[in-house]
Amino acid sequence: MKKLMLATAAAALAAGGAMADVKVGMITTLSGGGASLGIDTRDGFMLAMEDANRDDVEVVIEDDQRKPDIAVQLADKMIQSEKVDVLTGIVWSNLAMAVVPAATAQGLFYLSTNAAPAQLAGKGCNSNYFSVSYQNDNLHEGAGAYATQAGFKNTFILAPNYPAGIDSLTGFKRFYEGELAGEVYTKLGQTDYAAEIAQIRASGADSVFFFLPGGMGISFLKQYADSGVDLPVVGPAFSFDQGILQAVGEAAVGVKNSSTWSKDLDNEANAAFVAAFQQKYDRLPSIYAAQGYDTANLLLSAIDKADVNDDAAFAAALKEADFASVRGEFSFAANNHPIQNVYVREVIKEGDVFTNKIVGTALEDHANAYVDACKM
Amino acid sequence: MSRETLFNAALLLGLIAVPAWAVMMDEPFTITLATRAVILALAAAGLNIALGIGGLVSLGHAVFFGIGGYAMGILAHHAQSYTPLMEWPFLIEGTKFMPVIWLLAVVVSAVAAFLIGLMSLRTTGAYFIMITLAFGQMFYYFAISWSTYGGEDGMSIYIRNDFPGLNTLVPIQFYGLCLAILVVVLIFTARLRRSPFGLALNAARQVPARVEAVGMDPMRLKLVAFVISGVITGLAGALFADLNRFVSPTMFSWQFSGEIMILVILGGVGRLFGPVAGAVTFVALEHFLGGITEFWHIFLGLILLAVVLFARGGITGLVAGKEATHD
Amino acid sequence: MSTILIIEQVLNGLQSGVMLFLMAAGLTLIFGVMGLINLAHGSLYMVGAFAAAAVAGVTGSFVLALVAALAAAALAGAVIEVAVIRRLYDSDHLDQVLATFALILIFSEGTRWVFGSFPLFLDIPDALSGPVTLPGGIQYPLYRLALIGVGLLVAFGLWLLIERTRIGIQIRAGENDREMIAALGVDISKLYTLVFALGAALAGLAGALVGAIQSVQVGMGEPVLILAFVVIVIGGIGSIKGAFIGALLVGLTDTLVGIFLPEVLKLFMDAAPATSAGSSIASMSIYILMSLVLIWRPSGLFGARA
Numbered sequence: 001m002k003k004l005m006l007a008t009a010a011a012a013l014a015a016g017g018a019m020a021d022v023k024v025g026m027i028t029t030l031s032g033g034g035a036s037l038g039i040d041t042r043d044g045f046m047l048a049m050e051d052a053n054r055d056d057v058e059v060v061i062e063d064d065q066r067k068p069d070i071a072v073q074l075a076d077k078m079i080q081s082e083k084v085d086v087l088t089g090i091v092w093s094n095l096a097m098a099v100v101p102a103a104t105a106q107g108l109f110y111l112s113t114n115a116a117p118a119q120l121a122g123k124g125c126n127s128n129y130f131s132v133s134y135q136n137d138n139l140h141e142g143a144g145a146y147a148t149q150a151g152f153k154n155t156f157i158l159a160p161n162y163p164a165g166i167d168s169l170t171g172f173k174r175f176y177e178g179e180l181a182g183e184v185y186t187k188l189g190q191t192d193y194a195a196e197i198a199q200i201r202a203s204g205a206d207s208v209f210f211f212l213p214g215g216m217g218i219s220f221l222k223q224y225a226d227s228g229v230d231l232p233v234v235g236p237a238f239s240f241d242q243g244i245l246q247a248v249g250e251a252a253v254g255v256k257n258s259s260t261w262s263k264d265l266d267n268e269a270n271a272a273f274v275a276a277f278q279q280k281y282d283r284l285p286s287i288y289a290a291q292g293y294d295t296a297n298l299l300l301s302a303i304d305k306a307d308v309n310d311d312a313a314f315a316a317a318l319k320e321a322d323f324a325s326v327r328g329e330f331s332f333a334a335n336n337h338p339i340q341n342v343y344v345r346e347v348i349k350e351g352d353v354f355t356n357k358i359v360g361t362a363l364e365d366h367a368n369a370y371v372d373a374c375k376m
Numbered sequence: 001m002s003r004e005t006l007f008n009a010a011l012l013l014g015l016i017a018v019p020a021w022a023v024m025m026d027e028p029f030t031i032t033l034a035t036r037a038v039i040l041a042l043a044a045a046g047l048n049i050a051l052g053i054g055g056l057v058s059l060g061h062a063v064f065f066g067i068g069g070y071a072m073g074i075l076a077h078h079a080q081s082y083t084p085l086m087e088w089p090f091l092i093e094g095t096k097f098m099p100v101i102w103l104l105a106v107v108v109s110a111v112a113a114f115l116i117g118l119m120s121l122r123t124t125g126a127y128f129i130m131i132t133l134a135f136g137q138m139f140y141y142f143a144i145s146w147s148t149y150g151g152e153d154g155m156s157i158y159i160r161n162d163f164p165g166l167n168t169l170v171p172i173q174f175y176g177l178c179l180a181i182l183v184v185v186l187i188f189t190a191r192l193r194r195s196p197f198g199l200a201l202n203a204a205r206q207v208p209a210r211v212e213a214v215g216m217d218p219m220r221l222k223l224v225a226f227v228i229s230g231v232i233t234g235l236a237g238a239l240f241a242d243l244n245r246f247v248s249p250t251m252f253s254w255q256f257s258g259e260i261m262i263l264v265i266l267g268g269v270g271r272l273f274g275p276v277a278g279a280v281t282f283v284a285l286e287h288f289l290g291g292i293t294e295f296w297h298i299f300l301g302l303i304l305l306a307v308v309l310f311a312r313g314g315i316t317g318l319v320a321g322k323e324a325t326h327d
Numbered sequence: 001m002s003t004i005l006i007i008e009q010v011l012n013g014l015q016s017g018v019m020l021f022l023m024a025a026g027l028t029l030i031f032g033v034m035g036l037i038n039l040a041h042g043s044l045y046m047v048g049a050f051a052a053a054a055v056a057g058v059t060g061s062f063v064l065a066l067v068a069a070l071a072a073a074a075l076a077g078a079v080i081e082v083a084v085i086r087r088l089y090d091s092d093h094l095d096q097v098l099a100t101f102a103l104i105l106i107f108s109e110g111t112r113w114v115f116g117s118f119p120l121f122l123d124i125p126d127a128l129s130g131p132v133t134l135p136g137g138i139q140y141p142l143y144r145l146a147l148i149g150v151g152l153l154v155a156f157g158l159w160l161l162i163e164r165t166r167i168g169i170q171i172r173a174g175e176n177d178r179e180m181i182a183a184l185g186v187d188i189s190k191l192y193t194l195v196f197a198l199g200a201a202l203a204g205l206a207g208a209l210v211g212a213i214q215s216v217q218v219g220m221g222e223p224v225l226i227l228a229f230v231v232i233v234i235g236g237i238g239s240i241k242g243a244f245i246g247a248l249l250v251g252l253t254d255t256l257v258g259i260f261l262p263e264v265l266k267l268f269m270d271a272a273p274a275t276s277a278g279s280s281i282a283s284m285s286i287y288i289l290m291s292l293v294l295i296w297r298p299s300g301l302f303g304a305r306a
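Protein chains in written order, with the numbering used here: chain A, 1 to 376; chain B, 1 to 327; chain C, 1 to 306.
A hint or two may mislead.
[Said to hold, decoys possible] The calculated lysine-lysine pairs, modelled on DSS-like cross-linking and capped at a C-alpha distance of 27 Å, are:
#1 A:K173 x C:K266
#2 A:K153 x A:K357
#3 A:K357 x A:K319
#4 A:K83 x A:K357
#5 C:K266 x A:K153
#6 A:K375 x A:K305
#7 A:K23 x A:K305
#8 A:K23 x A:K357
#9 A:K23 x A:K173
#10 B:K96 x A:K153
#11 A:K319 x A:K123
#12 A:K319 x B:K96
Everything labelled a hint here was simulated from the structure, so no lab data went into it.
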C-alpha cells in the first residue's frame with residue numbers, strides 16, 4: 001500500500017499553501033498475482049498527472065492485493081480519513097462491484113480505468129460513475145463482429161466459468177452471425193487446456209474465440225500453438241497485452257484480437273503518450289496504461305470546468321469528455337460508458353519485441369447494450 | 001492475577017480505549033480497522049475452540065465464514081431488490097434485520113459443521129487437515145459458479161443491515177455491537193473450558209483412550225466442539241460481510257482458512273485471548289507494513305516465521321510466559 | 001463422441017497425472033520420512049520454473065534450463081531445510097503449517113522482487129514442438145508425450161532409488177524408526193537435508209517442464225500444491241506407490257469429468273445450463289473424489305493404518 005503524492009502537491013503543502021482542491025484516491029493491484037495490470041494503470045495515470053504538473057490535484061495510491069475485502073477497506077479509508085473526492089484505478093470487476101456502488105451512494109465520483117461490469121452499466125448505473133475504459137462486453141462484441149466480417153461460419157468459443165466469462169461469450173454471440181461448433185466453460189485459474197484443445201480438434205470448427213485473461217491465456221496460446229490445430233484464433237485484447245505477449249512468444253504471432261487502443265493508433269495524443277511512457281518507464285505501454293492515462297486527462301479536463309463539490313456540474317463536465325483521448329474520437333453514451341471504435345489488431349514481432357498492429361475496425365462508434373436499461 | 005490475566009485485561013482495555021480515542025479525534029477509519037480486528041478475532045475464537053481445546057487442525061474454517069457471509073448477502077440481496085427468497089413450498093422474504101441474518105448464519109453453519117465434522121472426524125492428523133481443506137475448496141468452487149448470487153463477482157449490499165436501537169451506519173455503533181458479541185463469545189468460551197464438556201474435550205485431545213475408558217465417546221465430544229466452533233466462525237462471517245457490505249467467494253478460499261489459523265497461532269493456541277491478540281497484531285501489521293513497502297508480504301512472512309521458531313505459544317506466550325493457565 | 005477423442009483425453013489425463021506425481025512424490029517422501037507438512041512445496045515448483053525461464057532466456061538451451069531448474073530448486077530446498085524446516089521436525093503439524101505458509105509469502109514476494117510482476121517466457125525445445133500422429137490417426141503434441149515419458153522414467157528411477165540403493169534403505173528405515181537409524185550411525189540430519197533437496201528438485205523439475213507449456217508467473221505453485229496434497233492424501237501419506245496411483249486418478253478425473261460431464265448432462269437438460277452446471281461440478285470433482293476415498297479409507301489407499 002505504497003503512498004504516493006504528486007511532488008508538486010507535496011511542495012505546495014510544504015510551502016504552507018492551501019490544501020489541494022481535488023483529492024483522488026487510486027485503489028489498484030500492486031502486489032501479488034495480477035500486479036502488472038495495476039502497475040501499468042498507475043503508471044499511465046501518474047504520467048498524465050505529472051505531465052499536467054498542477055498543484056491543485058493530489059493523488060493517494062493504495063494496493064488492493066486483488067482482494068475484494070481489502071479494496072472495500074481501502075475505499076472506506078479513503079472516504080473516511082483521506083476525504084477523497086474521486087476514486088479510480090480498480091482493475092477487476094469483482095473488486096469494482098465491491099467498491100463502486102457504496103462509493104457513489106456516498107456521493108463520490110468513480111472513474112473506471114478498466115473494470116466495467118454490466119450491472120453498473122444497466123440498472124445499476126449512476127450519474128457519479130463513469131467508465132473511461134469500455135463496457136466489459138465491448139471487446140468481446142468486437143471480436144464477434146470481426147468473426148462475422150472474416151466470414152467464420154462455425155466458431156468454437158470458450159471462457160472461464162465465472163460472471164465475466166459468461167458475459168464474454170454472451171457479448172461475442174451478440175455480434176457473431178455464424179454457427180457455434182462448441183461452447184465450453186473452463187475452470188477459473190485453469191492452466192492446462194489439452195482437453196479443450198482436443199475438443200476443438202474434434203469439433204470441426206473453422207475458428208476459435210477465447211477469453212482467458214492473464215496467465216490462463218498464456219497457457220492456452222502456448223498449448224494451442226503446439227497442438228497442431230491451426231484454425232484462426234480470435235480473442236479480446238486482454239490476452240495479447242504488452243505485458244503478457246513476451247511470455248507467450250512466437251505462439252501469439254498472427255493472432256487477431258479486438259481492442260479499443262493500440263500503440264500504433266494514429267493520432268497526436270497517442271504518439272505523445274507512447275513516446276513519453278517509453279521514455280519514463282523504459283517499456284511499451286499496455287492498454288491498462290492507456291486507459292489510466294485517459295482517465296487522468298478526463299479528470300483534469302473536468303476539474304478545469306467545474307467544482308468537484310458541485311455534483312451535477314462536475315458530472316456534466318466529465319460527460320463532455322473534453323480531452324484528447326489516446327483512442328482518438330471519444331464520447332460518453334447516456335449511461336456514462338464510452339462511445340468509441342473497437343479495432344482489430346494482429347500480433348507481430350518488431351525486432352525482439354512482440355507487439356500489436358491495427359489491421360482493421362470491427363465496430364465503429366460503438367456504445368453498449370445496456371444504454372436503454374439505465375435510468376439516470 | 002496472573003500475567004496472562006493482566007495481558008488480557010490490557011487487550012480488552014485497548015479495544016475500548018483506541019476506538020474511543022478515534023471517535024474524539026474524528027478518525028473513523030481507525031474504528032473500521034478495529035472493527036475488522038474484532039470480527040477476525042471472533043472468527044479465530046471459533047477456530048480456537050476446535051483447535052485449541054479439541055486439537056482439531058481445521059484448514060477449512062473459511063467454509064463457515066463464507067456461509068455466514070452468504071447468509072447475510074442472500075437475505076439482504078433479496079430485501080434490497082424486493083424479491084422473495086423462495087415462494088414454494090412457502091414464501092420466504094429477504095430481510096435487513098441482523099438478528100434474523102445471524103440466526104440463519106448460525107443454523108446453516110451448524111448443519112454444515114455437523115455434516116463436515118461427521119465425515120472428516122473419521123480421519124486424523126494430516127488427513128484431517130487435508131479433508132477439511134477439500135471441503136473448503138468444494139464450497140469455494142461452488143460459490144464461484146453460483147451465478148444467482150453473483151458468482152465470482154460476489155454481491156454488494158448498499159446499506160448496512162439494521163439492529164434494533166442502533167444506527168449501524170455509524171462506525172462506532174457497529175463496532176460496539178461486534179465487540180459485545182466478541183465479549184459474549186469469550187465469556188462463553190471461558191465457561192465452556194471449565195465445564196465438564198470442556199474438561200472431557202481437553203482430555204480427549206490429550207489421551208483419548210482414558211476418555212473412552214470412562215465411557216465417553218471422544219468422537220462425539222469432538223463433533224460437538226467442531227459444530228460450536230463452526231457456528232462462531234459463521235457468525236463472524238455474517239458480521240464481516242456487514243462490515244464490508246459485500247460478500248464474495250474469497251471468503252471461502254483456502255488462503256482465508258490459512259489466515260484464520262494464522263490469527264490463532266500468532267496469538268497463542270488454546271489461550272482464551274489468543275485470537276484477540278492475533279487478530280489485533282495481524283490487522284496492525286497489515287496496515288503499517290503495507291504503508292512502508294509494496295513487498296510487505298516478505299516481512300509478514302519473516303515475522304510469522306520468527307513467531308513459530310522463537311515464540312512458541314504465540315504473542316500471549318511471549319508476554320505471559322509459557323505456562324498456559326487453565327483457569 | 002469418437003474413440004479418438006476419448007483416447008486423446010485419456011492421454012491428456014495421464015500427462016497431467018504424471019506431472020502431478022513429480023510434485024506429489026517429493027511431498028509424500030518428505031512427509032513419510034520427516035513427518036513434515038510442507039505447504040512451501042509449490043514455491044519450489046515456482047523456483048524451478050523461474051530458474052529455467054531465466055537460464056533459457058540467456059542461453060537458449062532447454063537442457064541447461066532443466067539443469068538449472070533442478071539445481072536451483074534443490075539448492076533452495078536445502079537452504080530452507082537447514083535454516084527453517086529442521087527446527088520444525090519435532091513441532092506439531094500446526095507450527096509446520098504456519099511456518100511453511102510464511103515461506104510461501106517470502107518466496108512469492110521475493111520472486112516478484114527479483115523478476116518483476118510480468119510473467120516470464122519459457123518455450124518448449126524445437127526438437128519436441130508440434131504434434132505427431134499416433135497409430136489410429138491421433139494427432140498428439142510430441143512434447144506432452146515426452147512429459148509422460150519423463151514422468152514415468154522419474155517414477156521408475158525413484159522406485160529403484162528407494163528399493164535398490166543404500167540411501168533408499170536409509171530412507172525406508174527413517175520412515176519406520178528414527179532412533180534406530182541414528183543409532184546405526186547414519187547421519188540423520190544429512191539424510192533429511194538430502195531427502196528434502198531431492199523432493200525440492202522433483203518439484204523444480206515439474207515446474208520447469210510444465211512451465212514450458214504454461215505461464216511462468218508468481219503464484220503458479222499454489223494451485224498445483226493443493227492438487228498434490230489431494231493426490232498424496234488419496235494415495236496415503238508417505239507412500240510413493242500411493243502418490244503414483246493417486247496422481248493418475250486425480251489427473252484422469254480432473255480431465256475426463258470436465259469434458260464428459262457437460263455432455264452427459266446435455267442428455268437431460270438444455271445445452272447452456274448443462275455446460276455451466278457440468279463445469280461447476282467438474283471443478284469440484286477431485287475434492288469430491290478425495291472425500292469419498294477418505295470416508296471409505298481414512299488413511300488413503302495405501303496409507304499406513306493409524
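For this session: Could you work out which earlier hints the structure fails to respect and list their numbers in ascending sequence?
Result: 3, 4, 8, 9, 10, 12
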